[in-house]
Amino acid sequence: MAKNKLNIDYTIYETNLTKKFVNRKIYAPVNPKLVRAFIPGVIKTIYVKKDQKVKQGEKMFILEAMKMQNIVYSHLEGKIKNIVIEPEQRVAKNELLIEFE
Amino acid sequence: MSLRKKIMDFFTRKSTASTGGGDKAIQKQVSMGKLTARQRLEVLLDPNSFHEYDLFVKHKCKDFNMDKKTLNADGVVTGTGTIEGHPVCVFAQDFTVAGGSLGLMHARKITKIMDHAIKMGMPLIGINDSGGARIQEGVNSLAGYGEIFYRNTLASGVIPQISIVLGPCAGGAVYSPALTDFVFVVDNISKMFITGPEVIKTVLGEDISMEDLGGAKVQMEISGNAHFFAESEIECFQQVRNLFTFIPWSNRKKADSFPSKPPKAKFDIERIIPAEANKPYDIRDIIKALVDDSDFLEVQDSWAANIVIGFARINGDTVGIIGNQPLVLAGVLDVDSSDKVARFIRFCDSFNIPLLTLVDIPGYLPGVDQEHSGVIRHGAKILYAYSEASVPKLTVILRKAYGGGYIAMCSRHLGADFVFAWPTAEIAVMGPEGAANIIFRKEIMEADDPDAMRKEKVAEYTEKFANPYVAASNGHVDAVIDPNETREAIIHSLKVAAQKKEPRPYKKHGVPPN
Chain X
1 MAKNKLNIDY TIYETNLTKK FVNRKIYAPV NPKLVRAFIP GVIKTIYVKK
51 DQKVKQGEKM FILEAMKMQN IVYSHLEGKI KNIVIEPEQR VAKNELLIEF
101 E
Chain C
102 MSLRKKIMDF FTRKSTASTG GGDKAIQKQV SMGKLTARQR LEVLLDPNSF
152 HEYDLFVKHK CKDFNMDKKT LNADGVVTGT GTIEGHPVCV FAQDFTVAGG
202 SLGLMHARKI TKIMDHAIKM GMPLIGINDS GGARIQEGVN SLAGYGEIFY
252 RNTLASGVIP QISIVLGPCA GGAVYSPALT DFVFVVDNIS KMFITGPEVI
302 KTVLGEDISM EDLGGAKVQM EISGNAHFFA ESEIECFQQV RNLFTFIPWS
352 NRKKADSFPS KPPKAKFDIE RIIPAEANKP YDIRDIIKAL VDDSDFLEVQ
402 DSWAANIVIG FARINGDTVG IIGNQPLVLA GVLDVDSSDK VARFIRFCDS
452 FNIPLLTLVD IPGYLPGVDQ EHSGVIRHGA KILYAYSEAS VPKLTVILRK
502 AYGGGYIAMC SRHLGADFVF AWPTAEIAVM GPEGAANIIF RKEIMEADDP
552 DAMRKEKVAE YTEKFANPYV AASNGHVDAV IDPNETREAI IHSLKVAAQK
602 KEPRPYKKHG VPPN
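Line by line, the protein sequences give chains X and C. The first sequence maps to residues 1 to 101 in my numbering. The second sequence maps to residues 102 to 615 in my numbering.
Honestly, I wouldn't trust all of these hints.
Under 8 Å between C-beta atoms, here's a sample of chain C residues computed to sit facing chain X [as the list claims (entries may be wrong)]:
1. Val304
2. Asn379
3. Val433
4. Gly468
5. Asp470
6. Met531
7. Gly532
8. Gly535
Far from chain X, some chain C residues (derived; all Cβ distances over 12 Å) [said to hold, decoys possible]:
9. Gly222
10. Gly273
11. Asp518
Hint data in this document are derived by calculation from the structure and do not stem from the laboratory. Beta carbons: idealized from backbone N, C-alpha and C, even for Gly.
Using the sequences and the hints given, assemble the complete structure.
Here's what the structure looks like:
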């Protein structure tokens, strides 16, 4: 009848799991050095280059989504290790765009 | 023209207007496994009971050469009919006429029948089969949708509103079903989404079929947007008619009473429930052991299956039943099951259906994803809905009732009118293992054999607190009962509660968590 086990407050229950529970996203802390897309869209202008030192609040690129040109600013001061995007590239939500050193 | 001629002329007009989008479009509809709008109403309603309104309504659009186009009945069939002899208002969008697209007059036909339903206090059943807004009519088409949503909201809690999605129902249009009480879907026919596969492809580059995006199975199992699933349209209409035997015709009435029937003998409570609190069983078997003829109409049976909701009759009268399901995720409460239950409680409360809650809950589901999905505000909906409900509220605690789960599952403290517990009930702040680990942490850590000490302390706690008698000694439980007496106790309680009145402080409306 029940194929799995689930621990609730140290008691092990015999039960079945749902697909949603099995496929739930396992939490990983946010790495501040990785800039990811906050919304799906298309990359327009990129203002920064690889190995460039940027200040906090500096313009990095434009991510166009839902007909809106979103300007993305740097949230930290640091050196850009890698830029994995190109202008006109379509990106999914949470896709890696820029990596800081 | 003679009288006879005028009558003949009328028949010609009527039959022309009733042909929908013509033979070719109808053939296409049939080839997709779909019935036409008028056939659907014939199957749904009692034979020959349908009376059509507004057959001769015409659209007023002049742009894009629309003034040269005749759209029969403007793409929607509206009227009144009966189900089991009771009158209902209905509309059925006709996909064969301009893809069932919604223009202003199409919408006005729908809002007219909605106003009728509200005024006369009878249910509204809508059959959705439409490509969406009639683009040629521009903002007038949007006005039409808005006028429908407005009435859906006014009618909510006043008359039952049923949506049957039998075709595409996309974009803004799909908010109408979402505002109604129950959504019926049919495999391979229903398609519901806000943004379709084409937009998703253009914006995101993701390829997905209509079926995988918003088909019947998706709405039943993943999104929780639909409440009832059928393999065919005919089966779906039977489901709708069956639902109407359980619910009242408006908030001023009670559901019909039927002759009382005993549950089927094969559902034997003592054989269904394992004594150990961590072993599962199917709560639906317990429900079937308690209700008339073991006839239980489950709602949303494949979404958030860790809680079971549905309608049944006890002693001939409808009750709304809510039960934790130990068979799935140990019967915990989580984001989805909270949403599922809260809405069901509010439906029952709006329509004078007493609530029976069967409790066997280990607590809330732990996890980062749950916390980040807002289990606090979702879980709070259950507390709100149970506390707000003023229909008779009966609670039976079968086994575990731990912590916040105990409070949430219609405890005395949220206004339950009757709380029964079986001798197997464990009403406690948490399960024995967890509690012993906290209370006796020091003893366990300092023992020569911590595992043996833990076992001893768990046994001690179980003996002292894992029972119904502590709660009963405080009056939180009215009676500890033999499980075999449960049905009788429920029948008696429903009789006692038949005239229940519970005045509440004046308010316009509350602000429920969502």
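Here's how the hints hold up against the structure:
no., hint, result
1, Val304, "holds (6 Å)"
2, Asn379, "holds (5 Å)"
3, Val433, "holds (6 Å)"
4, Gly468, "holds (7 Å)"
5, Asp470, "holds (5 Å)"
6, Met531, "holds (5 Å)"
7, Gly532, "holds (4 Å)"
8, Gly535, "holds (3 Å)"
9, Gly222, "holds (39 Å)"
10, Gly273, "holds (16 Å)"
11, Asp518, "holds (29 Å)"
Hint check: no violations occur; every hint is consistent with the structure.
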